[in-house]
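Asker: This is what each chain is made of:
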Amino acid sequence: ETAVFQTPNYHVTQVGNEVSFNCKQTLGHDTMYWYKQDSKKLLKIMFSYNNKQLIVNETVPRRFSPQSSDKAHLNLRIKSVEPEDSAVYLCASSFSNTEVFFGKGTRLTVV
Amino acid sequence: GDSVTQTEGQVALSEEDFLTIHCNYSASGYPTLFWYVQYPGEGPQLLFRASRDKEKGSSRGFEATYDKGTTSFHLRKASVQESDSAVYYCALSLNNNNAPRFGAGTKLSVKP
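Chains as they are written, first to last, in the numbering used here: chain A, 219 to 329; chain B, 9 to 120.
For reference, chain A alone in the conformation it holds in the complex (with noise of 0.2 Å):
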């Protein structure tokens, strides 16, 4: 049973739009991720949020953004999507970097 949440599911976009994908899990877990998938299936770690703090991956560019209002939700926004961006966008959670649990994904196409 998913306990993590995303939307949208897809999302079709062209080069240099904002995008925003939205992450909530009904865990109580205290830390939240970001992971990109390429179409080699790689999990890349974006970021991670945990009591406030944000841990970024030096590799995101900073077109990247997270945005939290809690710990239960995570969001992900893009200023300017690029065409390597298209890719699945993963959210998951966990206490403090056990076991995660991943959403079931967000895919964004660039065009």
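Hints in this document: simulated from the structure, not taken from any laboratory. Bear in mind the structure is a predicted one, so any value in this text is a computation, not a measurement. The beta-carbon is built from N, C-alpha and C at its ideal position, and this holds for glycine as well.
Pulled a few chain A residues facing chain B out of the computed Cβ check, cut under 10 Å: (1) 222; (2) 251; (3) 255; (4) 258; (5) 262; (6) 306; (7) 308; (8) 309; (9) 310; (10) 312; (11) 323.
Given chain A's structure and the hints, the job is docking chain B onto it.
Answerer: Coordinates of chain B only, in the frame set by chain A:
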């Protein structure tokens, strides 16, 4: 940095074949190790974990043993089924502020 290496990118088997997917890790501390499985259209989900040397994790006929000496956590199943077709990820987590790290994934295809 901490990392996980899966040597097989793709594995193609027939039903009832024996499966091995190799996983080796590199970590600065004593990690917890995981195997995750991802079906099409879903996020990865936990198969099982192990936290100590020589500990065996298992689920649904899959198993792996934590080996600190060889820094390995190889996934095995004695007899695969078509329904096991999926992508399998080995992962590690340390008790610090760093997010869990995943291997490159292994796509398993099982023919009936």
